[in-house]
Amino acid sequence: MRGLRVLERILSTIPIVFGVAVIVFCVMRFTPGDPIDVMMGREGHVSQEQIDALRREFGLDKPIHVQLYMFLSRAVRGDLGNSLTKHRPVSALIRERLPATVELALGALVFSLVLAIPIGVISAVRQYSFVDRASMAAAFFGISMPAFWLGIISIIVFSVRLGILPSYGRLPYGLEPARVTGLYVLDSVLTGNVSSLVAALRHLLLPSVTLGAPMAAIVARVMRSSMLEVLRQDYVMLARAKGLTEWAVITRHALVNALIPTVTVVGVQTGVLLGGNMIVETIFSWPGIGRLAVDAIFNRDYPLVQGVVMVYALTFVLANLAVDILYTYINPKINL
Amino acid sequence: MLMRVRTVARNLCGLLYLICRHPSALIGLVILVAYVVMALFAPVLAPYPPNTGSVRQSFLPPAWQEGGSPAHLLGTDHVGRDILSRIIYGARVSLWVGVLSVAISMVVGLVLGAISGYYRGIIDDVLSRFAELLMAFPFLLFAIGVMAILGPGFFNLIAALTFKSWVEFFRLVRGETISEKTKEYVEAARAQGQSNFRIVTGEILPNIIHSVVVLATLRVGYMIITEASLSFLGIGVQPGVPAWGSMVDDGRDYVRTAWWVSTMPGLALLLLVLAINLFGEGLRDILDPRLKVD
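For the protein sequence lines, the chains are P and C, in the order given.
If you're matching positions, the first sequence starts at 1 in the working numbering and goes up one per residue.
If you're matching positions, the second sequence starts at 1001 in the working numbering and goes up one per residue.
The calculated lysine to any residue pairs, modelled on SDA-like cross-linking and capped at a C-alpha distance of 25 Å, are: (1) C:1164 <-> C:1096; (2) C:1164 <-> P:68; (3) C:1164 <-> P:22; (4) C:1164 <-> P:25; (5) P:86 <-> C:1151; (6) C:1164 <-> P:264; (7) C:1164 <-> P:314; (8) C:1164 <-> P:23; (9) C:1164 <-> P:16; (10) C:1164 <-> P:267; (11) P:86 <-> C:1150; (12) C:1164 <-> P:17; (13) P:62 <-> C:1149; (14) C:1164 <-> P:324; (15) C:1164 <-> P:318; (16) C:1164 <-> P:12; (17) C:1164 <-> P:272; (18) C:1164 <-> P:298; (19) C:1164 <-> P:29; (20) P:86 <-> C:1234; (21) C:1164 <-> P:18; (22) C:1183 <-> C:1124; (23) C:1164 <-> P:310; (24) C:1164 <-> P:26.
None of these hints come from the bench; they were simulated from the model.
The shape of chain C in the complex, shown without the other chains (with noise of 0.2 Å):
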């Protein structure tokens, strides 16, 4: 067990090191632990609360601007809200739909790509057509019917997201399993008498498993993209919890006047997910140089 547990630690630290080698996967890597401390420290990091404003202070413009206060630098909403503070707070949502539903949906399409891809037969077939099937939808309309269906929320929006995505690594488990099942290694295993469940967990899943991770770190920033663009149509989390989608949408009434409303949210997002991409092409050159984009 120590053994192992030296192991992983050691791999762990290689893991890192490399990405201090890889400037890009490097400049991921920090912007997404600063959003990662922003979440975890809102409360003490943001200036206000994030539902406390004051409608005498709407649409206080950011500090640099003229009739901008230091005391709001990313200015104020139509109700006096921070903005700065709504972000900081807004974080804690993207941050863990994002991490949340790529984890529930990688372990879903782990578990059935590697029973499908592994045992083939009838089980393949019916798991390979429903997946079909939930690919001829699109993403978004699936996912916004499913947020009719159960209404906003904070869970109901992780199952809407992990309802279709769990698709993308079934598919790809389901690949790799079925090329990892003809080679050697598996039929020493299976002479050496390791049962069914011990192949899969013990020889082929350790083999495919950084294919999985690189999909699942490339896939939050599409999730939390998603999950942004339904509190923009206001099918996210619950009203009142600030969601970076909904501030955009507080702000498209006014883009005329106050800008900032809808571009500073925004721009919040856009930095996240290029941080979440940068980190996860990165990790993929590392991990998967195959899959390497020249």
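Just chain P, same shape as in the assembly (with noise of 0.2 Å):
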């Protein structure tokens, strides 16, 4: 039963991948300014048979609807079609870029679930404690803090002031690890490449706060908030009252039922990991789709911005259908 309702809900997320690929398509067609005059500027003078040529080749001289279908049969293939300023297929550009959003996407997750649980439970616990007051404080500071400005920050303190960690890219040229799966800390680990991987880390480091640290304080307020609320609950009295020790009740009753919250913000707040990369990206020259999008959405090319944003969509939908399913197996009462 359980998984006939997670294959429909599933399939719920197809009309809302197809509608999201419409809306890209069509916002990106009516955009003022004909891609094929961006890609000439670049190039210097050239003859309208030229043009005429180059219109043929990525399908604008058919009409829109035709162009819509090209796309979407396409994109169900994998096949963005190729970059107007980078002359090269779209999916090759995002599957090379691609690695850097995710593991800096994944240490800035990391980074804020490892700081923001159990600073959420120990709040909880100490209510009222110095603790939680100052570590209440920290959180307000991080919902309010803007990314970019935070990350200039922790340039000029860390990277300037302090010299001790990089500023910019993922690693010094020449101390790339072989390429397993193209995310430079994991690859390192695998291939026992030591000195790659502190290399990784240390660059890993200043983006992954930069952009976990909005995060870290919404899901440790969330945590505490939740925490709190459980640790009223009947059962924790009981368990108590059985004679378990605080760590027993903390861990095995409060905290696993505390999370069920947890999780829903954090699957929201993937979404807005995803959108903040692209300023920290830019911040510290990261070499991911952020960074590319920016400048796709600069450029006017089409097929790229229409690619990346479908990555981003396809990722968020994702992200959201990991969440329900999730909830189902932290708690089997709820339904889909």
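Take the two lone chains, each set in its own frame, and fit them into one complex as the hints suggest.
Below, the structure is given as structure tokens:
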């Protein structure tokens, strides 16, 4: 029964992804400014014949509904067309850049969860203590802090003043580990390359903290508030009355139930994490799809914008789907 | 009419009294009022015009640092413009963009959410599916896309921020309307023969407006940060108009030698968003205690 509901939920994402594809296509096509003109603007003087040939090559001479059909049927097969400015397949460009973005998002996610969950739990258990007040004040700062400013301040402090962490890129030239997944930290571990691992972690730290800080703040607040609610439930009192240690009460009875609202917030925040990475990738010269998206939008590189936005939207939809499915495992009483 | 005005005035006085008794809401409100005054009286308060400077005076450090001058309290930027003056003028952009974009989103979300939640059926299906679609786009990416299409400018910025943010209000109002319309007071109004319009505006809306106001207050800070992020990327207001995000970006290339150029406008932004969030959360505790964070 649960399997059927999960399948139903998975199928329900298809119209959303389809709708996203149609919206992206329409918005980019109805944008003022011809992509071929933009492309030719970079390549100097060209004849009308060359412009017409390019129009035919990119299918821009066809009616709009035919273009939409071509775009959708190719996209289903993983073919997102060719970049107008980089003259390479969009899917190849995304494949090249995606690992950097995934690594940064995972770094931010790990940082925020590792920091926020213990802080939320301790704050709830020691409610109104100094630790509680200090961590909630820090969390309040975290949600009010603009990511781009936090990034610049961390560069000033840790790279410029203290000189202990690098401020741009993923690795120094020549230190790249043999490619397995494209995620440098993971590849360094898999290939046993210690120097690459240390360098990759050092490069990852500041961007991850910058990207993950707002999420950590939100998760810590939600964790604290749901933990406080759970700690007042009868079953927690019963566990205490049975003589269980406080540690066992918190970890075995309270924490699992308090995690349910946190999972929702983490799912929603994944979208924010993705939306924010364009800023963080720009500040730290991180070669991911966030920077690719910003450059593509400025250059009116339609196929590239379509491809990148599709990847973002798909990831966002999948993150929400994962959260919904995870729910049913954390709390079997919840139906999808 | 006079009775209604008196009731509204009495309610506002009551709210102000409650805010005064809530320390964090009060601190937030005081800082917020200071920023509003600063923005309104920028030409009087700013020591220099925002775009006037001399390259000979570039990169003067803040007054308390060696080489700093009391004439430029927070220092100068790469073309010698006074940072304090630009921060004071920059408050105008941030506050206007924050307030206007939230106000428009609130009105659109309120109208569509009430229609959707009250009438349900095909209108609700279409609006809800469209809202779900918009939710699939990261907010900043969406705003960057819209700004790239419309080009930089104050009203384009408002449009870019409003295009997606009405969805938050729509979802809230729709959900609350669905829940409220089954209650007895709505049934009673219907039995009295009141029109649908009158039921929604006269009965349901007054009962859900406090949640909408709380959401609106909390969204202003987010909008201000998004505006600053867009300005930071160079697609905010027109070049030349002082905006905190673009000021932070101006100083990015000089963080090694002139840290204050990026730091000061960012601090001003952080303080404003902190004040808005303090006020918003205080207001939530007062108006909607169900949502109070323990």
